[in-house]
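Okay, here's what each chain looks like letter by letter:
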Amino acid sequence: MKQPLIWITAMTAALLPAGAALAVDHNNVDAHRPLSFDDAESLAYREQALEFGLNLVWPRNRPLGAGLEGEYLYGFARNSHASIGFEPSIGGRAGGADTSFDPGNVSLGLFHNFNRQYGNTPAFSLRGDVFFPTGRHAQGTAFRLRGIASRQAGQYGRLHLNVDLTGNPGARSGEREFQPGLVLGYSRPIGYPTHFQTTGLAEVSVRSGEERGTGPVIGVGIGMRRQVGNRSVVDLGIQSDVAASGGAPRDRLRFIAGYSAGF
Amino acid sequence: MDTLNRSLLTAAVLLALGGAQAAWAQHGTAQHGGAPPIGEAELRELPQLPDKLPSWLDNKQKNHLFYRRGKYNFDVYNLPTLARDLNAVSVGHAMAYEDLVTGKAAGLETKTFARIDHVLKYPPKFMPDEAALSPTFGRKYGVLEQVFDWTHVLHAQTVDVLASKQLSEVEKDREIERLWKFYFDSVPYAVTPLPLNMDYLYSQPYSKKFRDTYKKVNGLFWGYHWLQGAMYDMLYRASPEDQKAAYELLGDQYHKTELYRMDRHFMPMFAEVSPVFAARFPHIANAFDNLHMLHDMVNDILATPELAEKQKDEQIKLAIWMVSAEAHRSEKPGDQSADRLHDHRHFVGMPGMGMMTGMTPELMWMPAMGWMSMADCHHCTMPLWEGADWWRNPTVTADGWSMRVRCPLCARDMSAETKGRSMLRIPTEDPTRVVVVLSDEQGNLKTSTPRVVFLENEGSHAGCDEWSRAFSSRSAFDAYVTAHPNLKGAKPLSFEEWAQRQGEKPDTYVKPKGPSENPYTHQEHGK
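Chains L and P, in that order, give the protein sequences. Quick note on numbering: our numbering labels position 243 of the first sequence as 243, and the sequence is numbered without any gaps. Quick note on numbering: our numbering labels position 29 of the second sequence as 292, and the sequence is numbered without any gaps.
FYI, nobody ran anything at the bench for these hints, they're computed from the structure. Note that the coordinates shown come from a computational prediction; the quantities given were computed from them, not determined experimentally. Note that CB positions come from ideal geometry on N, CA and C, so glycine has one too. The reader is advised that the hints may include incorrect statements.
Said to hold, decoys possible - Where chain P lies over chain L, by a calculated footprint (3+ residues, C-beta under 8 Å):
#	stretch
1	45-57
2	71-79
3	187-197
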């Protein structure tokens, strides 16, 4: 267990100084920073960003676990960005009994924003990710399609509806090949009209259980993003799978802390 | 697959096909305004949209572009108070626009003003996201927001360059041109660099509505524009120490006076407050003036209750078109046209300023200053330096204005004639080294460049460009005197000696006389 911890620490240390002079905006929300939903905004054309976070997981009937999430994003065209991500973890996790270090899958993603919100039409984006089986016991290349709609809710709040379809053609027997999911997120700047550095976030999610025969898992989360530099943001969040049916594995709590920088 | 999973899958497919857009479209916030269409009796005929407009004026994309990368980005924070004041400017604009489009215009002079004023007094540490502060405005006028944002990026980056401690003055000039090219070439909605006829743009049927209805908030807007112009000459070719000292003076003027001025007839023009930068980069000065005029036109449109929502949308689109580069493609500075939208004349001696109300290319008018030629020294009326020697003109900045003069003596004596604190920028023999001199309320002068050496062999002002000069060193002084035998025996003056002197009244001074006492009151009174 010592080696993976050293590895995670080294990765974190390598990323931190890079981010110090870099950027993003607290008002723009990407998945995992800190909750699970995206807003419909892509990166600016030619913008790059590094986003990473540490999470501490307390799964039901499992020991504590920890993970590192990292993502590099690049605005390769107007209203579009590509991303590459990784998510190593160690310790307990909801999906299985193994607690040893797992380098996790490497993902490649594409995000395209079709329109900003205009009139009463919400901003609309699609995101597609493929997950290469680099993780321990991973089989086959999985994918996820995510439709994202964001719209103003109240004067300053925004609602973000994410509808997911995750596919895993290499699923083992007893596992679902396709798992739909849905997240309704809410973001709102905190402190207006005197402070302009913080955005509060909340979400409710429903996703299909991974195992056949298990029911859906319902999750909730709250978090915040705070501008700490001209182009850098820290985020904190807490999520919980509050209900699941049919014995679907779930996390009691997940604590997330992250840092994003655009450059 | 169980029922719930099937439902979720169906929802995913629907959303992917865009069905959610239609569903959500039913739940939008109410449209504000709702005034009946404008009547001919109430308002003069509104200008019509041209038949063929480019598609970018109707784009529905976000089209967010990243700024040009450079080691100077965010160097405005070398001057933390200026950086914060500029952050507050963004908040002020956004708050006012959001209130205008959400039915809160009635509180603009009270609640909105108080909110903005608080932010101006306690400015934010980081540049806020304007789109987050004015989401309703952005939803309604997304293309306008793109034009504003992209030109604001040019504003921010040029200031970063000027505040950089890493770039040389030559590198700064070069990078500013690159930034302009980047700005201009990256989008179809760049603002035109040509001088536009400001009188024409500010004579639309809705013009002056905001200025006359919301005097206090308009004062704030024009105060921001004053700062966004005045900071350029303050930063240009000045050392980091001088920039800091100068912003103490300029920031004080901004906070105490410029933000709360309600007696302006017209927005501050870039060349009125940064004439050196405007002469050096007229395309940028014009683009910023045109952007600020677009702000004024939009303010007026939004503040005109007689306009129905559709008319507001059309007039804002037309205003964007009027100031866009595309509307003036293949036209040149100086072009004159019967169609005043395409009148690109500028003032003689100042290519960075379009024609103004009641003025002629030869004569410009400023409050408290009266009529003047922008080609001549404002102290001795002799011609200013131009062409390759454009950089040799000193400037005097006081009480919100900035004037170019011909020589250090003219700068010093003009400063002595003005009330309050002032700032003098005095070029030396080196184009990249400007001596900044600050004057206190009593007229005492100080500089952070005490080793500067002055030549002042006073004679007729017809030759003040030769006998009044500043040098960065004694050796530069000696070399100049040696090269000019008629100055043989001239005494080098230390800064202290020079600061104590006062010249004779210039023998060449002629007060220009304009066609009216005040062109703005002349026009508004219908004379």
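Which earlier hints can't be squared with this structure?
-> none
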